[in-house]
Amino acid sequence: MALLVAIIAPFGSSADAQTGGANPASGGIKRVKFVSEKTDMAGRLFLPANHKPGAAKLPAVLVVGPWLNVKEQVPTNYAKRLADKGFAAFVIDFRHWGESGGQPREYESPKNKIADIHNALRFLSARPEVDGDRIGVLGVCFGAGYVAAAATDDPHIKSVATVAAWVHDVPSVTKLFGAEEIARRRKAGREAVAAYRATKTVAYVPAASDSDKTAAMFSPDPNFYYATKAKRGVIPEWTNRYAVLGWEEWLDFDGIAPAAEMKQPLMVVHSDDSALPDNARRFYALAKGPKELVWMEGEHTRFYDTEPQITRAADAVAGHFARTLMTAGERAERSRAALAGTREFFAALEAMDVPRFLNVWAEYGVQEMPYSPPGFPKRLDGKAAIEKQYAPLPAAYTGMKFPLTRLAATDDPYTVIAEYGGSIGLKSGGRYDNRYVGVFTFDEAGKLKRCSEYFDPFTLLAGFPGAAAMGADGARTVLESLPRLADARDWAGMRKLFAGEVDFDYTSVAGGEPARVKADDLVAGWGQGLSRYKQTKHNFSTPEIKIEGDAASATFTGQATHIRDAGGGKVTRWSCGGDYSYRLARTPEGWKIVAAKFDMTWEQGER
1 MALLVAIIAP
11 FGSSADAQTG
21 GANPASGGIK
31 RVKFVSEKTD
41 MAGRLFLPAN
51 HKPGAAKLPA
61 VLVVGPWLNV
71 KEQVPTNYAK
81 RLADKGFAAF
91 VIDFRHWGES
101 GGQPREYESP
111 KNKIADIHNA
121 LRFLSARPEV
131 DGDRIGVLGV
141 CFGAGYVAAA
151 ATDDPHIKSV
161 ATVAAWVHDV
171 PSVTKLFGAE
181 EIARRRKAGR
191 EAVAAYRATK
201 TVAYVPAASD
211 SDKTAAMFSP
221 DPNFYYATKA
231 KRGVIPEWTN
241 RYAVLGWEEW
251 LDFDGIAPAA
261 EMKQPLMVVH
271 SDDSALPDNA
281 RRFYALAKGP
291 KELVWMEGEH
301 TRFYDTEPQI
311 TRAADAVAGH
321 FARTLMTAGE
331 RAERSRAALA
341 GTREFFAALE
351 AMDVPRFLNV
361 WAEYGVQEMP
371 YSPPGFPKRL
381 DGKAAIEKQY
391 APLPAAYTGM
401 KFPLTRLAAT
411 DDPYTVIAEY
421 GGSIGLKSGG
431 RYDNRYVGVF
441 TFDEAGKLKR
451 CSEYFDPFTL
461 LAGFPGAAAM
471 GADGARTVLE
481 SLPRLADARD
491 WAGMRKLFAG
501 EVDFDYTSVA
511 GGEPARVKAD
521 DLVAGWGQGL
531 SRYKQTKHNF
541 STPEIKIEGD
551 AASATFTGQA
561 THIRDAGGGK
571 VTRWSCGGDY
581 SYRLARTPEG
591 WKIVAAKFDM
601 TWEQGER
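Residue 1 is where the sequence shown starts when you use the numbering used here, and the numbers rise one by one after that.
It is worth saying that the hints were derived from the structure and are not from the lab. Fair warning: this is a prediction, and the values are worked out from it, not measured in the lab. By construction, the Cβ of each residue, glycine as well, lies at the ideal position given by its N, Cα and C atoms. Do not take every clue at face value.
[Stated by the list, open to error] What follows is a set of in silico ranges between Cβ atoms, one per label pair, in the way DEER data are often shown:
hint	residue 1	residue 2	range
1	ALA391	GLY568	19 to 29 Å
2	GLY568	GLY529	47 to 57 Å
3	THR601	THR199	46 to 56 Å
4	ASN539	GLY429	20 to 30 Å
5	ALA510	ALA391	30 to 40 Å
6	GLN528	ARG105	48 to 58 Å
7	ALA391	ALA585	24 to 34 Å
[Stated by the list, open to error] Okay, derived cross-link-like pairs now, SDA-like style, lysine to any residue, Cα gap no bigger than 20 Å in a straight line:
hint	residue 1	residue 2
8	LYS401	ASP353
9	LYS52	ARG81
10	LYS534	LYS592
11	LYS85	PRO355
12	LYS592	GLY493
13	LYS111	GLU307
14	LYS383	PHE556
15	LYS388	ILE417
16	LYS496	ASP473
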């Protein structure tokens with residue numbers, strides 16, 4: 001890489017950034033200009049709509065998008081959402097791109113982009129709207145590696161977040177593209193550098209294409225990439241071309257290693273269907289500072305502009321920056337609110353006032369009980385699931401007491417740790433008593449977004465003998481075992497979930513007609529079908545279950561990713577998802593599946 005940097009040194013020079021293009025510090029979008037390495041740069045500063053001149057200075061986030069992007073594409077999608085959350089969000093055209101200067105055009109240079117980040121941050125820290133001591137950086141796709149590299153030595157950066165990070169090193173990018181293709185790209189890049197030095201001629205290929213195999217990003221699938229879609233990445237400000245002379249520097253760039261040198265708080269938002277998920281995990285594992293891994297669902301480019309992925313990701317990183325870019329006064333206020341919210345949690349339970357208890361929770365709140373015994377819920381996703389679990393309290397219990405032993409704030413002002421007892425009188429007779437440790441985390445609105453409770457599961461079983469396996473939780477346990485057993489290839493365990501015969505309708509994915517089949521044949525067929533794949537990953541939503549007598553019906557959504565070894569070190573993926581409808585019957589051995597229907601609503605990749 002050092003040789004390539006020396007060869008292309010004439011493409012950029014070094015100089016400190018200069019501020020310029022000052023605008024009144026009021027809400028909206030500000031067109032700004034600054035200088036990076038003696039090159040004129042263009043940017044946009046997004047401010048909260050209610051921000052007024054002279055108002056308190058704002059925490060700020062520089063948003064860096066995927067490679068080959070201009071500021072109006074992915075960066076702006078996130079900047080708008082961050083401004084709505086109260087941040088000053090800054091996007092720029094890097095040198096060689098968009099409205100910024102620099103020759104040659106459409107040249108992807110990691111070295112130059114990292115220098116531009118440093119200069120953009122110097123400019124941003126001097127803006128009248130911005131608190132220069134509270135600046136974070138967000139990297140989307142390849143931008144993740146760029147912001148990580150900048151964070152290793154830039155004192156302006158106080159917090160880092162990544163979304164759908166494409167972070168590679170030489171071994172992983174070689175495995176991805178294949179040694180022959182890497183060699184071709186390197187050769188083309190060297191030849192393009194030589195031609196530019198000799199004649200100033202720039203060799204270009206399309207940046208993205210579903211028909212031109214020479215493109216920097218090529219796939220014959222017309223839906224494969226955001227930047228080939230007219231209503232997504234194809235915009236007037238973007239030129240669909242790539243300067244070939246950038247190949248070697250891009251291929252040699254290591255976006256993983258910088259994580260080991262970062263000390264700032266870090267959030268990594270990723271998914272199994274985003275680019276290089278194992279590399280994202282490596283990147284996260286290397287980081288030394290406070291960190292949080294947020295694993296979502298969704299294909300890589302859905303995190304660029306598609307719901308629900310972009311809003312969920314933007315909300316997650318906004319929360320991260322809100323927590324890590326606070327003033328001392330804000331931290332103290334948040335901590336007091338979290339302590340008060342935790343006390344209200346227990347007060348509402350002791351009053352057995354279900355509406356009051358639900359008011360404590362965020363709509364997307366999660367309650368985790370990781371050591372619950374079989375048949376009891378381990379996780380409740382969303383306020384609706386929490387309501388369903390707690391609605392029977394007044395009818396089932398004579399009273400509840402949760403004496404607090406200790407309640408303590410943590411380094412995270414949104415999080416409280418509590419030690420407490422639980423004493424419940426049962427209308428059926430007897431009492432249930434246990435000891436708990438709970439971790440309570442609140443969102444920016446002061447609503448409880450996560451409660452993790454740890455307790456003695458044996459005491460729980462003794463307090464409610466025989467109640468779990470035959471109720472809705474028992475049926476839910478059967479359904480939640482399906483993806484785990486399928487991915488583990490545990491066909492004997494899978495067979496135990498079914499009755500002797502099953503009404504089976506997976507015609508939306510497999511064709512044919514609905515039929516009643518023997519469970520032995522069904523499970524054997526599943527095993528044979530999935531044996532084609534190196535690995536599978538099934539994800540199901542929490543089932544909605546209705547019980548009538550000894551029958552139960554359940555609906556849920558799900559998706560599955562199937563990974564197949566294509567030879568030569570390459571893999572292919574086929575993903576699909578849709579709606580499930582199952583029926584179960586209560587037997588002396590517990591709940592058994594008697595009917596299964598899957599309506600596939602989407603699929604991607606080759607089967």
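When the hints from earlier in the document are held up against this structure, which numbers fail?
Hints 1, 2, 4, 10, 11, 13, 15 not satisfied by this model.
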